[in-house]
Every structure is written in C-alpha cells, then in structure tokens.
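Q: Sequence:
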Amino acid sequence: MDLLNTLVDKGLRRELPTRDEALAVLATSDDDLLDVVAAAGKVRRHWFGRRVKLNYLVNLKSGLCPEDCSYCSQRLGSTAGILKYTWLKPDQASDAAAAGVAGGAKRVCLVASGRGPTDRDVDRVSETIKTIKDNNEGVEVCACLGLLSDGQAERLREAGADAYNHNLNTSEATYGEITTTHTYEDRVDTVQKAHAAGLSACSGLIAGMGETDEDLVDVVFSLRELDPDSVPVNFLIPFEGTPLGREWNLTPQRCLRILAMTRFVCPDVEVRIAGGREVHLRTMQPLALHLANSIFLGDYLTSEGQAGKADLEMIADAGFEVEGTDQVTLPEHRAAEGCHDGGGVCGSGGGGACGSDAAPEASEPRTAADARTDLVAVRRRGAGTDLAPNA
1 MDLLNTLVDK
11 GLRRELPTRD
21 EALAVLATSD
31 DDLLDVVAAA
41 GKVRRHWFGR
51 RVKLNYLVNL
61 KSGLCPEDCS
71 YCSQRLGSTA
81 GILKYTWLKP
91 DQASDAAAAG
101 VAGGAKRVCL
111 VASGRGPTDR
121 DVDRVSETIK
131 TIKDNNEGVE
141 VCACLGLLSD
151 GQAERLREAG
161 ADAYNHNLNT
171 SEATYGEITT
181 THTYEDRVDT
191 VQKAHAAGLS
201 ACSGLIAGMG
211 ETDEDLVDVV
221 FSLRELDPDS
231 VPVNFLIPFE
241 GTPLGREWNL
251 TPQRCLRILA
261 MTRFVCPDVE
271 VRIAGGREVH
281 LRTMQPLALH
291 LANSIFLGDY
301 LTSEGQAGKA
311 DLEMIADAGF
321 EVEGTDQVTL
331 PEHRAAEGCH
341 DGGGVCGSGG
351 GGACGSDAAP
361 EASEPRTAAD
371 ARTDLVAVRR
381 RGAGTDLAPN
391 A
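Numbering (the working numbering), first residue to last: 1 to 391.
The set of hints was computed from the structure by calculation and includes no laboratory data. Where a beta carbon is used, it is the ideal one built from N, C-alpha and C, also for glycine. Certain hints may be false.
Unchecked claim - Dumping the calculated EDC-like pairs for lysine to aspartate or glutamate here, alpha-carbon to alpha-carbon at most 16 Å:
(1) K42 x D9
(2) K130 x D95
(3) K42 x E240
(4) K130 x E172
(5) K133 x E177
(6) K133 x D95
Claimed, not checked - Derived DEER-like restraints, expressed as beta-carbon distance ranges:
(7) T18 x T283: 14 to 22 Å
(8) E313 x D91: 29 to 37 Å
(9) Y85 x D374: 25 to 33 Å
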C-alpha cells in the first residue's frame, strides 16, 4: 500500500502525517490489518528496537472523587463496587511499589483520585516518593494527582518525581460530553505545567467512549503538539455503575489500528498500551507489542489486569525483551533536546481483567457489540487491601 510506505518513510524522519493519512489508517480493512501492523512495527523498531518497558501502578487514594468523568469508576455518583480508601502511608505505597519492581517494572506510577492535590497532598506524595526511591534503587516515579496549581509541579520535581501524567482523553470538540466539572483547557494547562517544571510530561487518550475517527485523530494530533515523552493509549473499561458502562465499541482489530495510527503520528515517543488491553485486545495482545513499546505489569487502579507472569511470558514468546533499568527508554535525539526518560500513565479509571476464564467458542469473528463483561473484574488485591498485589 502506498499509504503505508509513505507513513513508514515519514515515521523514520519524524515527519507528521496528514490528517487524511491518519484517518486512512483507521479506515483500513481487516484484510490489510497485518500490513498496517508490520508497517507501524518498522517505525517502532527503528526508534525502540524490541524493548518493552514495564510500568506499575499504585493507587494511593481510591474512589470518592468529586469530578464527573463519565468513564471513571471513581467518579462522583459511581455505583461501581470498587475499593475505596484514603491515602496510603509512604511505607504502604513503597511495599506495593516493591512488588512491581521485583516483577520487572522500571517505573512506578503513583495515582490519587480527586480534582487535584492540595499543598498538604503534595507534601504527602513527596514523602512517599522519597520512601519509594530510598527502598527501590534505580526506580523511576511518575505522579498522577489531577490538575496542578502553580508551583506544585516544581515541588514534585524537587521531591524526586521523574514524570507527571495527565491525559487529554478525547478531542477538544467532544470533551464537554465526557466531563463537565473541568475543561479540556485545564488538562492542557497541567501538562504544560509539568513540562515547564522539568518533569517528563506524559499524556494520552481513552478510546472506546463512542468517539469518531476524527475525534481520535484530533486528540492524537493535539498530543503530538504538546510533545509529551509518553503517550498512553487506554481502552475504555465499561464499569457497571458508570455512565459509559454499556459502551462496547471496540474490537481487537480497531484497537490495533488505533495503536498504529498513534505510532505513525508519534513515531519517536513512548507509546504505552494502558488500561483495557486485556478486555479489548484479548488474544491479540502480542500483535500490539509491534506497535507500542511499553505496557503496565499486573493490576490497574480499580480493576484486575493479566497476571504479571503471563505478561512476561507474552513478551518473551513474541520475541521482545524487557527493558532494563540501565537502558534509556527514549531515542537519543529526544534526550539531547532536554526530554526526560520515559513517562508514566494512569488516571484511566481502571483497566484490565485477569482473563483466567476460558472464552466461549466462536465460529465467527467478534464484533464490537459482543460485550465481554466477564473480563471486567474489580481489583480486590494489592494497595488498600491485605492481599498480595498481582505483579
């Protein structure tokens, strides 16, 4: 396909595709899907080789959020039966982080529900960052605490944070349909604050909320303009008890096209498969490793993920290798431009399921209408519980 040859050439030159080219990737047929994956895979391997960066989430404060983000199980008015607890103590968070690091995670992302941190919250998280770094040599820490006020990003940086995550989630044109308690511009402002403070900026999207192809392209182009080091791609987890609990709009094939489009638009950026890969990619997860160079290990914020051991086996079986702490995630030219290594991700409102139950036999391809509620499992272990985490 001339389109794919053009996109590969542009990706190797870090040249931005046109909107029409990006839309064309999302419009490709299932017959062309493997060609799309192979083309985007050339760009991924050029900049990141066959390395896969592992990241681990620690939910510092779960539930009881005053914001009304429609996709989130922790939102105001959510009746999802998730774990709810206030701030973990620094040693509790450090213990949780250690499990992920022991499993191979290079970065720990510290997440807290809420609109944004108070200055006291920043002090609390700063102490947690120090404890984690003291107890886990070489670990990177990303904070995800919501909207930042002036000076807070600088304080987190001084405390030892390496990165800050705040996702755009969807296009500016449709943002008001997803959330009303803050604006798209608020989110952009927080990403810019993090970047200006010297933190590795991390910002991504959530697919599967009923958006159009144009919305997906618009948000990825907006992310390219913001120039974060890391772009997490979340796939909506339709939690019962949330406004989007009945939205099942994704197939594995569409998820792969979205990841490929993101790679073409952001060729030299850490693209991470985030929440929802187990639910929507399912048995096609290994193909996604040819597009993204980063995943989460184990569980997510409020939902269970694939077993950590299964993740490691999947990476090895697909011919990839886990990125070591002595390896730099980003290409040399981005580091030379003053970018920080890597980038965390979080704040998607959950993600994943253990997927240990066998799927029913199917003689025909699944469609987006085939809801897999059996794969949405609320997290009942790890942070906030007395049970060992899944790492």
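Q: All the hints need checking, so say for each whether the structure fits it.
A: Verification of the hints:
1. A threshold of 16 Å between alpha carbons decides the hint, and for K42 with D9 the separation of about 10 Å falls inside it, so the pair holds.
2. A distance of roughly 13 Å separates the Cα atoms of K130 and D95; the hinted pair therefore holds under the 16 Å criterion.
3. Restraint check for K42 and E240: not satisfied, since their Cα atoms lie roughly 39 Å apart, outside the 16 Å limit.
4. Annotation: proposed proximity of K130 to E172 is violated, straight-line Cα distance about 36 Å (limit 16 Å).
5. About 39 Å separates the Cα atoms of K133 and E177, which puts this hinted pair outside 16 Å; it is violated.
6. Pair hint K133 plus D95 holds up; C-alpha atoms about 11 Å apart against a cutoff of 16 Å.
7. Remark: the range hint 14 to 22 Å for T18 to T283 is contradicted by a beta-carbon distance near 33 Å.
8. The beta-carbon spacing between E313 and D91, approximately 31 Å, falls within the hinted interval of 29 to 37 Å.
9. Here the CB-CB span from Y85 to D374 is close to 26 Å, well matched to the stated 25 to 33 Å.
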